[in-house]
Every structure is written in C-alpha cells, then in structure tokens.
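Novice: Sequence:
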Amino acid sequence: MPFPFRRKSSDLVTDAVAEANAPSSDPAADDRKGHTPSKRELGQTTPKRARNARRAAEPPPSNRREAYRRMRERTRTEREERKQAMASGDARFMLKRDRGPTRALVRDIVDYRLTVGTWFFAGALIVLVGSNAMMPLEIRFASNILWILLATATIIDSILLCRKIKTLVRERLPETEEKMGSLYFYGVMRGITFRRMRMPRPRIKLGESF
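In this note's numbering, the protein residues as written are 1 to 210.
Check before you lean on any hint, since a few could be wrong.
Within a straight-line C-alpha distance of at most 30 Å, the following computed DSS-like cross-link-like pairs (lysine-lysine) qualify [as the list claims (entries may be wrong)]: (1) 205 / 179; (2) 83 / 205; (3) 96 / 164; (4) 205 / 164; (5) 179 / 166.
Per label pair, the in silico range of CB-to-CB distance [said to hold, decoys possible]: (6) 76 / 203: 42 to 52 Å; (7) 76 / 137: 47 to 57 Å; (8) 203 / 153: 21 to 31 Å; (9) 124 / 199: 18 to 28 Å; (10) 178 / 63: 26 to 36 Å; (11) 207 / 59: 52 to 62 Å.
Just so you know, the hints here were simulated from the structure itself, not pulled from any lab data.
Note that CB positions come from ideal geometry on N, CA and C, so glycine has one too.
My request is simple: use the sequences and hints to build the entire structure.
Specialist: Okay, structure coming up:
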C-alpha cells in the first residue's frame with residue numbers, strides 16, 4: 001500500500017544530482033575542500049597575459065616588413081619595461097651586482113650624501129679642453145692646477161665614503177658575506193656617476209636619514 005507522503009525514488013535521485021551540481025555559496029566550505037581561487041576568478045591579470053591578449057587582438061601582419069616592424073616595437077617595449085622595473089628597484093630585473101640587502105645599503109650610503117666624484121667627469125672635460133696646446137699658457141697652467149685639485153678631492157672623498165660603508169655595513173649587516181673591497185668599488189663607481197643617471201634610481205633624498 002503506497003504512503004501518501006512518501007516521495008518517489010526517482011525524485012530523490014534527481015534532487016541529489018541537482019544538489020551535487022549546484023555551486024557552493026559558502027566560501028569556508030570551498031576552503032575546506034582545498035579550493036584555491038585563480039587570478040582570473042579574483043579579477044587579476046598578469047602582465048604577460050595582458051600582452052598576449054593585446055597581441056591576439058592585433059590582425060596578422062600583411063607582409064614581412066610589417067612583421068619585422070612589429071617585432072622591433074615589441075622588443076623595444078619589453079626593453080623599456082625591464083629598464084623601468086630595474087630603475088624602480090624591482091629585484092627580479094636587477095643586475096646580479098645590484099641584488100641583495102648589502103648592495104641596497106651601499107646605494108643608500110652613497111645617495112644620501114653629496115659626493116665630489118659626481119663632478120669628476122665634468123671637471124675632467126674642462127681640464128681636457130683647457131690643456132689643449134692651442135690654449136694660452138695661463139689657461140693650460142690653470143687647467144693643470146684644477147686637475148690636481150679635482151683628483152685630490154675625489155680621492156679623499158672616496159676614502160671617506162669607503163670608511164662610511166665599512167662602518168654601516170658591519171653595524172647593520174654583520175652577517176653579510178660580501179667582500180669589503182667589492183663594496184668599496186661598487187660605492188665609489190656609483191659615487192662618481194651623476195645622480196640622475198644612477199641605476200637603480202636613488203630611493204632616498206640628499207641628507208635624508210635611512
């Protein structure tokens with residue numbers, strides 16, 4: 001005798017399948033099941049995928065010259081992106097010589113102070129022009145004096161910079177395995193480079209504590 005309130009077995013099977021296929025509305029349950037949302041689900045897109053999407057949207061080149069032009073533009077764009085990332089201090093794009101906390105500390109030591117070596121090449125150019133044989137004797141003599149003063153000031157300033165590097169590196173990073181001679185050379189070379197041309201770019205201002 002059938003019961004009036006008893007559901008059919010076919011209805012039970014249908015409900016079970018629908019429940020299994022229904023999306024879960026509980027994020028905690030998804031976490032318990034080991035569900036990890038992808039970047040696409042989170043609305044994020046990696047730069048590489050974005051570039052690939054733009055390339056896919058472009059029509060194919062009509063001839064070899066057009067393909068070569070696009071390849072040059074793509075190479076130039078990627079080079080500029082790497083250069084900007086390296087200048088901003090992104091460790092993924094830095095040269096091997098610039099990586100690590102010790103090198104970052106040396107850059108800060110150089111960038112926070114005004115170095116005499118910054119004007120070394122500009123002064124050397126003036127000396128080179130003034131030492132020309134066509135110049136009057138007085139100008140050549142003054143150029144030689146300027147060269148001696150510039151070289152002496154650069155050497156003294158470099159010695160003071162190396163002492164500062166040694167003190168702060170041993171104080172803040174005593175466990176570093178970097179050789180001091182390598183750090184001295186790295187700091188001096190950065191010190192004789194114009195501030196706007198330094199790579200990576202200075203992250204602190206002149207006189208700013210770090």
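Novice: All hints are to be evaluated individually against the structure, with a verdict given for each.
Specialist: Now the hints, each set against the structure:
At most 30 Å may separate the alpha-carbon atoms for a hinted pair to count; residue 205 and residue 179 meet this at roughly 27 Å. Between the alpha carbons of residue 83 and residue 205 the distance comes to roughly 21 Å, so the proposed pair stays at or under 30 Å and holds. With a C-alpha separation of about 23 Å, the suggested pair residue 96 and residue 164 falls inside the 30 Å cut-off, and the hint holds. As the CA atoms of residue 205 and residue 164 are separated by approximately 18 Å, the hinted pair is consistent with the 30 Å bound.
Between residue 179 and residue 166 the alpha-carbon distance is near 10 Å, which keeps this suggested pair within the 30 Å criterion. The supplied range of 42 to 52 Å is broken by residue 76 and residue 203, whose beta-carbon atoms lie about 27 Å from each other. In this structure the supplied range 47 to 57 Å holds for residue 76 paired with residue 137, their Cβ-Cβ distance being about 51 Å. The hint said 21 to 31 Å for the Cβ distance between residue 203 and residue 153, and at roughly 27 Å that hint holds.
The hinted range of 18 to 28 Å is satisfied by residue 124 and residue 199, whose Cβ atoms lie roughly 21 Å apart. Checked against the given bound of 26 to 36 Å, the beta carbons of residue 178 and residue 63, roughly 53 Å apart, lie outside it. Between residue 207 and residue 59 the beta carbon distance is about 54 Å. The supplied range of 52 to 62 Å therefore holds.
Taken one by one, the earlier hints fail for this structure at numbers 6 and 10, listed in ascending order.
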